[in-house]
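Dock chain B against chain A, hints included.
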Amino acid sequence: DSGVTQTPKHLITATGQRVTLRCSPRSGDLSVYWYQQSLDQGLQFLIQYYNGEERAKGNILERFSAQQFPDLHSELNLSSLELGDSALYFCASSPAEGTRESQYFGPGTRLLVL
Amino acid sequence: GEDVEQSLFLSVREGDSSVINCTYTDSSSTYLYWYKQEPGAGLQLLTYIFSNMDMKQDQRLTVLLNKKDKHLSLRIADTQTGDSAIYFCAEAVYNQGGKLIFGQGTELSVKP
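Those protein sequence lines, which keep their order, are chains A and B. The first sequence begins at 220 in the numbering used here and counts up by one. The second sequence begins at 227 in the numbering used here and counts up by one.
Just chain A, same shape as in the assembly (with noise of 0.2 angstroms):
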């Protein structure tokens, strides 16, 4: 146990919906990180908060946004959702920014799309 929780574990809507993860980081942990991994991407970069405040991007959608909550916890909201969308969603969290932190996964939250 990674001490990274993730809610909820599985998620079934249907396209053009809009659904919200959720990440609660490592005790003491500053930094969030959100990653996607699908059988055709792999595990894909989307984004970094460290303290509430956007750090790093990747190849996030323009229907995707994420945030950091004061409690450090942080939220993932897809919207207008599309068949493709249908993957794993990892958050993981490291102590400080930068790239000498280790990062620790959660379990990931299950997505798929009908």
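A couple of the hints might just be wrong.
[To be verified] Partner residues are not named here, just some residues of chain A that face chain B (Cβ under 10 angstroms, in silico):
#	residue
1	Gln267
2	Phe283
3	Gly327
Hints are computed from structural coordinates only; laboratory data are not their basis. Please read these numbers as outputs of a predicted model, since none were measured by experiment. We treat Cβ as the ideally placed atom computed from N, Cα and C, and that holds for glycine.
Same frame as chain A, now just chain B:
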């Protein structure tokens, strides 16, 4: 550009050593990581190496880094059936926050 490549499959016998290889393209990589993913589970951090090191050993795991060839390997000694999983290497690139670039993953199958 940033790219990390791994072979997709490796099959070994229980008790043998496994060597999983990875190549990366970005010369400004700082830290390189190995993660393990078991079926239906998240990614478990196994080990990491800083880019100015050649080798790191951690119990049954040995990481070798050839910075000139941009080649990274993970050796698992005395491989057990419980080591069957997908292994990902990832690089953290300088000046890109905490972004990790992952390889496609190597599926390790350990036969009894």
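Results for each hint:
1. Gln267: 5 angstroms, holds
2. Phe283: 16 angstroms, violated
3. Gly327: Holds, about 5 angstroms.
The structure is inconsistent with hint 2 alone, although it conforms to all the rest.
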